[in-house]
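2 protein chains.
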Amino acid sequence: MSEAAYVAVDWGTSSFRLWLIDRAGNVLAERRSDEGMMAAGKGGFAAVLQSHLDAVGAAPALPVIICGMAGARQGWVEAGYVDTPAPLASVLKQAVAVPGQDRDIRILPGIAQRDRGAPDVMRGEETQLLGALGLEAAADALVCMPGTHSKWVSVQGGIVARFATFMTGELFGAVSHHTILSLTVAGADAAEDIDAYKSAVIAAFERPALASNLLFQVRSGQLLQGGTPASAREKISGTLIGLELAGGLAGEVPRTSITLVASGRLQMLYQSAFDTVGISVRSIGAEEAVRRGLSMAAAAIWSV
Amino acid sequence: MSEAAYVAVDWGTSSFRLWLIDRAGNVLAERRSDEGMMAAGKGGFAAVLQSHLDAVGAAPALPVIICGMAGARQGWVEAGYVDTPAPLASVLKQAVAVPGQDRDIRILPGIAQRDRGAPDVMRGEETQLLGALGLEAAADALVCMPGTHSKWVSVQGGIVARFATFMTGELFGAVSHHTILSLTVAGADAAEDIDAYKSAVIAAFERPALASNLLFQVRSGQLLQGGTPASAREKISGTLIGLELAGGLAGEVPRTSITLVASGRLQMLYQSAFDTVGISVRSIGAEEAVRRGLSMAAAAIWSV
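Residue numbers (this note's numbering), protein chains in the order written: chain A, 17 to 320; chain B, 17 to 320.
Please note that the accuracy of each hint is not assured.
The list treats identical chains as one, so a pair stands whether inside a single copy or across any two.
Capping the alpha-carbon separation at 25 Å, the derived lysine to any residue pairs in SDA-like fashion look like this [what the hints assert, rightly or not]:
(1) Lys214 - Gly267
(2) Lys214 - Ala266
(3) Lys214 - Asp291
(4) Lys214 - Asp99
(5) Lys214 - Ala202
(6) Lys109 - Ala77
These are calculated hints, taken from the structure and not from any lab test.
Please read these numbers as outputs of a predicted model, since none were measured by experiment.
Model the full structure from these sequences, guided by the hints.
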């Protein structure tokens, strides 16, 4: 086994992922847990990190590069923001060292859009973006990063020009569990209903103003015409993702390709949504992207 | 005191309202409680109704006319639906008698839109609509009835041509309590911020596709630029109502006037939203409308 060069950590609101990486960028070991910012804040960030470092046998001098909510005000050490228009390279330069630690631990900053008309923030996605596009991203790119809070980022010549957050994932949870639609999805199994999903995507994409009416139709449609709980879930999902695509693409100049940064089921859902509305995307795995971004940061900071 | 002629009841999902009414349509006594369908279903609808009839001293032979969720499948007696295109008069004709009762108790049906492309249902609002427009509603009307599930109804020559439900009120609750936006409104006092509200209405009305992005901006705006919890609440409210107006007015031919059926704070919010986007409305009190609709039903059924 080759020698470890550094440790990379993606520390989100509710999840923790750590990779032990060698000079060539190979992953030597990996850890994942639900000790995100919310859980880690209670017992202490240092203790959580150390337990995982011990588990992978990380040497005491091995440096650690971190991105995500560990750098939020409620996180471990506040890592601030780079403001838009933000050169991707400046994210690497403004990493904050965690004080009082034996090893060198750095947390990457987020990006803030301090536009009074469209205030927005990201933390963690800037690192995904780096990994997905690379530092030399010369061409213009529109990047869609789906999730609890989906980010749509417009990059021009290596600079984050502007971005917008859509609460799609969180709205899905709130609507499915805390409105009358909870009755429509109760007991849903894993069965997919790709036709119901696509129809819902198109309806919301074409008439986004009707979004909250289309959501109610999931209930009234089941009442009047029947349908399974799984199908209702797909319709809710399709409506919210169709709405997101309408908003994310609004005002954007037509592009030959959009970059989708996603994995697993989210990748499948968004890929299908883009296909449905006739827009081609280049798809990059979300985890691969964040790990690559962290490796770029480690290389820039420690020349590893 | 004049003699009672009948009892009118608006029995919703979570509220119960009863009026003792004389021949001239005057209210002799009134009861209101939170024994809506959800609560009443447990102890029994008959017992809840009887307790309120006793409280107002209703004579044993006095008939009772009911609208709302008491006529739902999960209600007291299922009162079915009149299908669109639905003449308002047919709502009065299809009242269902509650069996096994000493007195004459009737429940009005709802209205169903069995259009596969836009399935929708209402129950209770058809009676409000009757009261707001009258049976002889010859002119075309677009009626907005705000609430947990806002209804937008297009009436043409006394016939409900089509309608759409927007989950505005319920989305406001789910978003304010069950997403990251709960952090922005925590501890909000009753202070109003009409400027924040109006700006949010306009933003969502003009760019409805950005709805879920505008919602997130309530969080990021507070993070980057500050602002009170009360102001955040007004922005969430304005965003969702602006989205509803965009959807409710989409595809409608321009009209000289829209009828708004609402009371209290909802009336104020919607009136202000319509003013903000430059649309004039005729405003009718929601409670007055439903009571008038129930009286029209009583007159049609019992000639009282």
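Where does the structure disagree with the numbered hints, that is, which hint numbers, in rising order?
-> Going through the list in order, the structure violates hint 4 alone and respects the others.
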